[in-house]
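Undergrad: Here are the chains, one letter per residue:
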Amino acid sequence: MAMRELVTGGAACAVPGGAGSSSSSNPLGALANALIGSSSKTQDRLKEIPSSTATATSPSAEFFSLPDDHLRALPGSELDRPLLQPNRPHTQGSEFLSGFYSVDQNGALSDVWDEIHQHGPHPLLPQPQLQQPTFDGPPQRVLSSFLHSFVDSSRAGIPFRPTPLPMLGLSQGDKQCIRDRSTIMARHFFADKPDDFIDAQVNALLSSLDIDHDVRAKGPLPGRYRELEDYWNESQGMLKPGPHAADGWVTEYSQQQPHRVDPDAWAHSFEQQHGANGWASEFEQEQSQLTSVNQMRGANISSLAAMEQTRMLAHTLAQNDDPKFQNSKFLQFVSKMSRGELIIDDNQVKPASLIAPGDWATEYQQKYNGGQTWADEFVGSELSHGPDRWVKEFTTEREQHGSVDDQWVNEFSKLHVHDWVEEFGQQVGEGSLGESSADNWANAYDEFLNEQVSAKQQLNSSRGVYVFSEMNPYVGHPNPLKEGQELFRKGLLSEAVLALEAEVLKNPDNSEGWRLLGIAHAENDDDQQAIAAMMRAQEADPTNLEVLLALGVSHTNELEQAAALKYLYGWLRNHPKYGTLALPELSESPYYADVARLFNEAAQMSPEDADVHVILGVMFNLSREYDKAISSFQTALKLKPHDYSLWNKLGATQANSVQSSEAISAYQQALDLKPNYVRAWANMGISYANQGMYEESIRYYVRALAMNPKADNAWQYLRISLSCASRNDMLEACDSRNLDILQKEFPL
Amino acid sequence: MPIFKTPFNGYSVKFSPFYESRLAVATAQNFGILGNGRIHVLDLPPTPSTPISELSSYDTADGVYDLTWSESHESLIVAAIADGSIKLYDVALPPSNNPIRSFHEHTREAHSVDYNATRRDSFITASWDDTIKLWTLDRPASVRTFKEHAYCVYQAVWHPKLSDVFASASGDCTLRIWDVREPGSTMVIPAHEFEILSCDWNKYDDCLIATGSVDKTIKVWDVRSYRVPLAVLNGHGYAVRKVKFSPHRRNYMVSCSYDMTVCLWDFMVEDALVGRYDHHTEFAVGVDMSVLVEGLLASTGWDELVYVWLQGTDPRAP
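Chains as they are written, first to last, in this note's numbering: chain V, 768 to 1515; chain A, -3 to 314.
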């Protein structure tokens, strides 16, 4: 975990979300194109659905019904444009959309954006997020950045790295979380769609996250309540041919009964699936998951079927041509996730039938037992006639209940003797309401705190361990550091790595050796090694400013705000000039606002110090104020125009704030300064992919990989771009990592 | 009117029943699918031109799906967290002392919380674990669990006058009405053919309940004759996420939907849609009407914005 949390190495700021970020950026582009290019089938579709008159019902204008155009013309209405715009594909657009966006002048846009931020939380107010025990375990944090990167990359992206995910040991709980929530939400949203479409949508989404059918979702489809509806309709005299005879449901009910016994149905279903020791085995699974990373990586090899699936999803989504929906970050988020790996497993995730359709029978019974006490308070007798027709439907059932009326009267009088609180308080005392009821809340809270502590320990113990190359010709070299520096300067990064490894093997406490090694790995797009090296550099020299900055950037990429702030603040504290600004009481867990304020002070103190502007840029990335971040980096670049890593940071930030074309020119600047900057090549590919230019993106990925075949992330991106560009013929070359074929096919 | 930008996706917004200018917002990262959450307590400015100020904010380990103000203590907030926990916050205490309580009983996402306005020490929570739980402030554990729904319970709302009665809306396509003195639900209304995401009681005619569903409609039910809805309101283009009756006018209600709009309705007239607010650019999932200021509305959505505006004005107007 810890390795991951540090990811996205030093110099190369891939920007928040960077870590788990955005390989699926490409699908988005394709999706967006599909959406924009689509025709207006949606209208027809919507008409088929009763009551879907999104635009039809226009209001008696008494209060404020303003037509859309009017609203747009209102001052302040452009507020949402910056939010809409991110999703706009650059390449292609319907006339309607271009018209819609043409109102956007770039200058106005940034002003408006600033305005929004002024309305936002004041940057100088302390924000308590850092000291709260709320950032639980690293898996969640890293995954969070992964998920977020999907969203970010939908705004035209930052590097998205699906590969590391298995490393995170996506816990069964997290998987279940993503799975269940996306399943449930998809059903809300795609109510019009057939179930198998929703299943497919969710499956595709989950498979990209390595979540498969072994995690059971909470599954009942609303449609399963058909029976209830049927009975209801029958009782209404609507006479639908009921599929179940009266004893049919009884049988069904008894069949399903076991499922219902456990009050915690999902937990029960989990047990059913995994046996009584499910939790333990889950844990084991999780552990083995952590170790068998490679296995996980290979797990999702997509197929032609998956591609078909993808097309179908894009097509269906394309049918909705409501511009608002085309611009919905959420929809793009879902689509992107679903297309991240393009895998549809044979075993379709069929939601477990946790809950018996026959449950209504219980309900029916309870209805009688329960009586209409409060309803009587309402209206007296009228209600009690209600269920009569139901009763007729189920005469057999009725016999069992016998004198329904007596029953509920008895219940009523019995229950009303006691105050309800007392009554159930008693149950609580007996512990009959579930395991946690009896717990003292304070204990529960202690438990919670302990979890936080252990999560932190986990974070610390699993921190990246540097992995040395096996064969290293530089071992025994008289001055490997000098050699490494030289190779690094020449841009021979992989060679430089070997030389520097030889150096730190020889002098494990050489902070500079570790630092340069970290930077070389970062520029080579190998984040885990970069971070591991930087950690060692910091151990060797806790006050090295460059190391602190690199670590701050890495944690920013991971959205590890607390850690990022710690290192960035450490930079300030250890800086000879700004150290005086530091407040001693902040040291352990500084607030974002405090650190931001200090750096603003530092910038005022010496506006000519590029490093301060760089850190401000990083900090604005942390708070997602990309426009401010961009201007900070631009200021820094005026002071240090030849810093290629700075150009890369600018590019990544621009990509993050949806300016893919600007990002490309920034990356180009970086590459002009440092042609062997693997990370910039890969980032360039990502930016092209985000604009839907997959052929271009492929060429850049291939170039990056030719320079460093170990850049696993780039292989992932390449694979996705190949799929999106319909170059399935080259997938095999990609999977076998045959660079010769790829380079021949995609020369740059 | 003022706008507030939240770092995470908005999930719910509630006006304080004690201060006319105060409201609380529940937010969740990554659209509530996975990640942290944050609660914002906001103070409206005395003049509309100045920005909303944030009184405090609290971070949670999972998304915050809903929250409610206590009816008994002006500074208390109860939040429903996606990890199933229910947390109590005291705005008067420093952030480091919060949450003052955390109840872990729901085994799945807690999706709604409602404070009892007549019996002011209790509140109910609805969860995706298919249950509703009843709590009181002074007890370490829930008082009672109501388990009958066969699928996620999306919302549970107290009756406005009868302190023992509440209604619940569930994905099992039923609306249920409960009396906490009874062992089971007292009424089951198969209100829609699709999942029901929200329900609310009319504040003036307490026999009326509104339901909002994935089938895009809002239905108004009279519990005295619940065979047929009193009204079916069409107009939303996607699932209706929340419905709320006006605290000031009998026939008025507000709703928000995955179609990204907030709608105002008069359910007694033929042309029920009184107004449509199109200000959100992502799913609109939270809406509230101020009890203290007539016509003051607030909404939030997945576009990470909170809007507060007076009925009849444009939410986006400066």
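There may be inaccurate statements among the hints.
[Stated by the list, open to error] Here are the in silico distance ranges between beta carbons for each label pair:
id	chain 1	residue 1	chain 2	residue 2	range
1	A	Thr43	V	Asn1367	19 to 29 Å
2	A	Glu70	V	His1409	36 to 46 Å
3	V	Glu1368	A	Pro90	56 to 66 Å
4	V	Arg1364	A	Thr43	22 to 32 Å
5	V	Ser1493	A	His244	43 to 53 Å
6	V	Gln1435	A	Glu290	56 to 66 Å
7	A	Ala313	V	Gln1371	32 to 42 Å
8	A	Pro90	V	Asp1276	26 to 36 Å
9	A	His69	V	Asp1276	52 to 62 Å
10	V	Ser1236	A	Asp39	55 to 65 Å
11	V	Asn1367	A	His69	30 to 40 Å
12	V	Glu1306	A	His69	42 to 52 Å
Don't read these hints as lab results, they were simulated from the structure. Virtual Cβ for every residue (Gly too), placed ideally from N, Cα, C.
Undergrad: Each hint should be assessed against the structure and marked as holding or not.
TA: Against the structure, the hints:
1. Thr43/A to Asn1367/V: 19 to 29 Å: Once the Cβ atoms are compared, 28 Å apart, the range 19 to 29 Å for asparagine 1367/V and threonine 43/A holds.
2. Glu70/A to His1409/V: 36 to 46 Å: violated, 59 Å
3. Glu1368/V to Pro90/A: 56 to 66 Å: At roughly 25 Å between Cβ atoms, proline 90/A and glutamate 1368/V fall outside 56 to 66 Å, so the hint is violated.
4. Arg1364/V to Thr43/A: 22 to 32 Å: holds, 27 Å
5. Ser1493/V to His244/A: 43 to 53 Å: Since the Cβ atoms of serine 1493/V and histidine 244/A sit about 59 Å apart, the hinted range of 43 to 53 Å is violated.
6. Gln1435/V to Glu290/A: 56 to 66 Å: Holds, at about 58 Å.
7. Ala313/A to Gln1371/V: 32 to 42 Å: Check passed, 36 Å falls within 32 to 42 Å.
8. Pro90/A to Asp1276/V: 26 to 36 Å: The hinted range 26 to 36 Å is violated for proline 90/A and aspartate 1276/V, with Cβ atoms some 43 Å apart.
9. His69/A to Asp1276/V: 52 to 62 Å: With Cβ atoms ~58 Å apart, the hint holds.
10. Ser1236/V to Asp39/A: 55 to 65 Å: holds, 59 Å
11. Asn1367/V to His69/A: 30 to 40 Å: Holds - the Cβ-Cβ distance for asparagine 1367/V and histidine 69/A, about 38 Å, lies within 30 to 40 Å.
12. Glu1306/V to His69/A: 42 to 52 Å: holds, 49 Å
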